[in-house]
Amino acid sequence: MSLWSVAALGIGSMVGAGIFALLGQAALLVGPDTWLAFALAGVVAALSGYSYAKLSARYPSSGGITLFFEQAFGRGMVSGTLSLIYLVTLVISVAMVAKTFGAYATRLFIPSGGHAGFAVFGSLVVILLAALNIAGSGAVGRAEVILVAIKLVILAALLAAGLWAMSTEGTRDTSRDAHMGLATLVSSVGLCFFAYSGFGMMANAGADVADPKKTIPRAIYLAIGVVTLLYVGLSVTVLALVPPEQLARDADTAVAQAARPVLGSAGFTAVALGALLATASAINATLFAALNVSRALARVQQLPPAFSTKLGHQGTRGFVWGVVAILVMVDTLSLGAIANVASATFLVCYLAAHVACWKLARQTGASRAIVGAGLGLMAVVLSTFLVSTGRKQPLSLLLIVVALCGSALAQWLLQSKHHGGLPHSPTR
20 MSLWSVAALG IGSMVGAGIF ALLGQAALLV GPDTWLAFAL AGVVAALSGY SYAKLSARYP
80 SSGGITLFFE QAFGRGMVSG TLSLIYLVTL VISVAMVAKT FGAYATRLFI PSGGHAGFAV
140 FGSLVVILLA ALNIAGSGAV GRAEVILVAI KLVILAALLA AGLWAMSTEG TRDTSRDAHM
200 GLATLVSSVG LCFFAYSGFG MMANAGADVA DPKKTIPRAI YLAIGVVTLL YVGLSVTVLA
260 LVPPEQLARD ADTAVAQAAR PVLGSAGFTA VALGALLATA SAINATLFAA LNVSRALARV
320 QQLPPAFSTK LGHQGTRGFV WGVVAILVMV DTLSLGAIAN VASATFLVCY LAAHVACWKL
380 ARQTGASRAI VGAGLGLMAV VLSTFLVSTG RKQPLSLLLI VVALCGSALA QWLLQSKHHG
440 GLPHSPTR
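Adding 19 to a residue's 1-based position in the sequence shown gives its number in this note's numbering.
Among the hints, erroneous ones may be present.
Stated by the list, open to error - If you anchor each label on the Cβ, the simulated ranges turn out as follows:
{"hint": "1", "residue 1": "Gly425", "residue 2": "Ile169", "range": "36 to 44 Å"}
{"hint": "2", "residue 1": "Ala285", "residue 2": "Ala168", "range": "18 to 26 Å"}
{"hint": "3", "residue 1": "Gly395", "residue 2": "Phe128", "range": "41 to 49 Å"}
Said to hold, decoys possible - When the alpha-carbon atoms are kept at most 27 Å apart in a straight line, the in silico DSS-like pairs for lysine-lysine are as follows:
{"hint": "4", "residue 1": "Lys436", "residue 2": "Lys329"}
{"hint": "5", "residue 1": "Lys378", "residue 2": "Lys232"}
{"hint": "6", "residue 1": "Lys378", "residue 2": "Lys233"}
Calculated from the structure, these hints are not laboratory results. For clarity, every value in this text was computed on a predicted model and none was experimentally measured. The beta-carbon is built from N, C-alpha and C at its ideal position, and this holds for glycine as well.
Modelling step: build the complete structure from the supplied sequences, incorporating the hints.
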């Protein structure tokens with residue numbers, strides 16, 4: 020895989036899960052401050068990307084973040100639990116983005132269709148892209164470059180048309196829109212960070228590139244930079260063109276709704292098609308990462324052997340089980356609730372990656388000042404996000420606790436089974 024193939028994996032995952040799935044949700048929280056929330060989330064992602072780049076350059080592997088945990092914390096309960104949390108987050112993320120794909124496909128092809136259409140279209144895209152991943156990483160990389168190129172052209176056209184309309188015809192008056200307080204803004208950064216979390220997928224391609232020490236860091240910085248500019252620009256455009264009442268009604272298709280005032284129904288159709296490509300490429304990239312992570316965990320006995328039992332060219336039996344679980348979740352998980360859970364668990368994992376980079380600073384050559392700044396900022400965002408979620412959506416907080424504690428319990432049971440008793444102490 021080349022620099023552009025690896026960067027495309029990250030961009031495809033970030034843009035698909037970010038703008039099309041979450042921009043409307045973020046706008047409901049912070050209104051006209053949405054662009055600022057995405058910009059601040061970009062800063063958090065850039066600092067996290069620094070730790071990721073240093074770790075990826077030193078420890079290139081298809082296991083990605085799971086190898087970083089093992090190197091920093093040893094092979095035991097801590098690294099195993101964090102790795103399972105990351106894998107569970109990937110699986111849930113695929114279900115969330117597949118549901119978004121289903122929503123866009125239904126509104127585009129069957130406007131009168133309901134949630135049954137969401138499930139049918141979402142399930143079909145998961146099955147198709149899971150088969151593509153089983154076919155091999157080379158096919159994944161080529162598909163991502165094509166999908167991302169088409170998607171960025173469509174979004175760039177929307178951004179240009181929106182900015183032109185804003186400069187020549189004016190936009191609605193946003194001066195009387197409610198601006199949120201600092202705590203709500205910081206909490207929204209936690210939600211928006213999920214829109215950037217796809218950059219971590221690039222680390223899982225470490226075993227599939229010729230020169231990972233140069234390619235992976237460059238791809239991470241390139242992807243985060245491109246996506247930050249895109250998010251901020253589209254946030255400004257969408258909020259200027261779509262009234263709050265319409266955002267509240269059509270939050271799941273906010274970006275496509277912004278195309279109507281400047282490009283008409285044809286623009287809505289074009290952007291909706293772009294949304295399908297975006298969410299499809301996000302699913303593609305996330306499945307690729309989940310396949311590599313599950314294989315790596317199975318090799319070190321942190322998952323059952325089925326996750327390393329080969330099926331097809333690149334797939335495993337355990338991967339197929341995961342796909343079945345995703346298909347079940349497409350019908351049962353709420354987009355808003357699962358976005359909160361995925362955001363929180365991603366923040367936990369990426370916070371742990373900062374800690375890992377701090378501990379391995381001598382081996383990676385990382386600056387502890389930069390790593391410490393990123394760690395502190397992410398800790399503030401995570402704690403604020405959890406407090407806000409617990410106050411406004413207690414069920415989401417309960418699901419977060421279940422995901423974290425459930426991963427720890429599953430890891431304890433797996434290690435107990437392999438060691439014939441209590442898990443051994445962590446070892447390097």
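### Query
So which hints don't hold here, by number, going up?
none
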